[in-house]
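2 protein chains.
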Amino acid sequence: MNKGLLLVISGPAGVGKGTVIKKLLENKDYVFSVSATTRSPRTGEEDGINYYFVTKNEFQRKIRANEMLEYAEYVGNFYGTPRSFVMSKLGEGKNVVLEIDTAGALQVKSQMPDAVLVFIGPPSMENLEERLRGRGTEDESVIERRMKTAKKELGFINKYDYCVINDDSAWEKTAREIEAIVLAEKHSVKRKNVIIPEKNNRQ
Amino acid sequence: MNKGLLLVISGPAGVGKGTVIKKLLENKDYVFSVSATTRSPRTGEEDGINYYFVTKNEFQRKIRANEMLEYAEYVGNFYGTPRSFVMSKLGEGKNVVLEIDTAGALQVKSQMPDAVLVFIGPPSMENLEERLRGRGTEDESVIERRMKTAKKELGFINKYDYCVINDDSAWEKTAREIEAIVLAEKHSVKRKNVIIPEKNNRQ
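Here the protein sequences line up with chains A and B, keeping their order.
Each residue of the first sequence is one higher than the one before, starting from 9 at the first, in my numbering.
Each residue of the second sequence is one higher than the one before, starting from 9 at the first, in my numbering.
Honestly, I wouldn't trust all of these hints.
Any copy will do: because identical chains look the same in the list, a pair fits if it lies in one copy or spans two.
Unchecked claim - Okay, derived cross-link-like pairs now, BS3-like style, lysine-lysine, Cα gap no bigger than 25 Å in a straight line:
| # | residue 1 | residue 2 |
| --- | --- | --- |
| 1 | 64 | 102 |
| 2 | 167 | 198 |
| 3 | 31 | 102 |
| 4 | 160 | 11 |
| 5 | 70 | 160 |
| 6 | 194 | 117 |
| 7 | 97 | 200 |
| 8 | 181 | 64 |
| 9 | 64 | 159 |
| 10 | 25 | 64 |
Treat the hints as calculated values from the structure; they're not laboratory data.
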């Protein structure tokens, strides 16, 4: 019953995933999954903290050996989730948080049907666009591209188990809702057959 | 999204259902479903508070008119859940709590597939028996009968959506777990298709 849960979180750029996940990780029962990549480390990035930096050969070997829960190629580099990290943390009873796009999320669900998929949505498309503009750092073409990607990703919401709406500055509420989802799932009967023992389990 | 949820709670006698439900009802989003019965009111019992007291004819008419979500006959009297009360409270956005046995719970689920069924179990059968004895008011034959009924009811756990274990004096934790289940279910995608609107919904 106390085994950890694999929590996959997706949502469009600008929806506030990062802030919600940061809040969630204040709870020590949660741990963030570190991705592997074949791209070079940027200044300040540390191996095993920001990413596991691996060679292309090594990454491809991991794919063939089914050591990746999901992966994607993006502008010539591979990015993916190493299975071993996730499994070892779940075994320790931690809830493992993956922040990935819809394609990755569906790959994970097919490999780990017990994973819980949560989509973080904006209250409206208008609100999402305002937030993207509010960052002030992106030019019009970037915003347009992000809105287009967002619309595509939103088309996958109903493949997810849950959808929470991240209202402006309500990220604490959103994080609490995700914690409630995890707590509820741990009591879900479909997750495992419940057996009440004859005698108390003295742990 | 804000419509209330129908919450069906079962569990063996002695498991502490009453205390957990009392705690849950401190939250004003929850309301307890008042049953209908054909038995006579006992001293102090009020119509519409403890039960809806109805005649046998009226009860049978309600059954025929499909106005009962579930019902059972017990030592010559009918007991059941009037659909109208439940529907009106759900419409007001309240979460409606039904405390019924496993047979009734499965009747409700077949009529209202959106109902969420929660079983409150003891940490062990030994612990349940200790609690039944601890009441000190029941003789041996009553305890034996209750343990037999409990074993039978526990056979239905895996027909429920969730099972929470009510440890000794942990009823606040159990109530919090049930609240988490309700909150999670309200964000469940299978419960309804999620559509992110173009513009903010000004309410």
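query: Given a CA cutoff of 25 Å, do residue 64 and residue 102 count as a within-copy pair, a between-copy pair, both, or neither?
result: The answer is neither: 30 Å in one copy and 55 Å across copies each exceed 25 Å.
message: When Cα atoms must be at most 25 Å apart, do residue 25 and residue 64 count as within-copy, between-copy, both, or neither?
response: Result: close neither inside a copy nor across copies, 29 Å intra and 57 Å inter.
message: As a check of your reading, is residue 181 near residue 64 (CA-CA no more than 25 Å) within one copy, between copies, both or neither?
response: neither (41 Å within a copy, 49 Å between copies)
- request: Please work out whether the CA atoms of residue 70 and residue 160 approach to 25 Å or closer within one copy, between two copies, in both situations, or in neither?
  value: neither (29 Å within a copy, 50 Å between copies)
field: Same-copy or cross-copy closeness of residue 97 to residue 200 [CA-CA at most 25 Å]
entry: Classified as within: same-chain Cα gap 20 Å, cross-chain 33 Å, threshold 25 Å.
task: With 25 Å as the alpha-carbon cut-off, assign the pair residue 160 and residue 11 to within, between, both or neither.
output: neither (34 Å within a copy, 28 Å between copies)
field: Within, between, both or neither: residue 194, residue 117 at alpha-carbon 25 Å
entry: both (17 Å within a copy, 21 Å between copies)
message: When Cα atoms must be at most 25 Å apart, do residue 167 and residue 198 count as within-copy, between-copy, both, or neither?
response: Intra 18 Å, inter 9 Å, cutoff 25 Å: intra and inter.
Copy assignment of residue 64 with residue 159, given that the CA separation must stay at most 25 Å: neither (32 Å within a copy, 58 Å between copies)
message: Cα distance capped at 25 Å. Does residue 31 pair with residue 102 within a copy, between copies, both, or neither?
response: Classified as within; 16 Å inside a copy, 29 Å across copies.
Against the hints set out earlier in the document, violations occur for numbers 1, 4, 5, 8, 9, 10.
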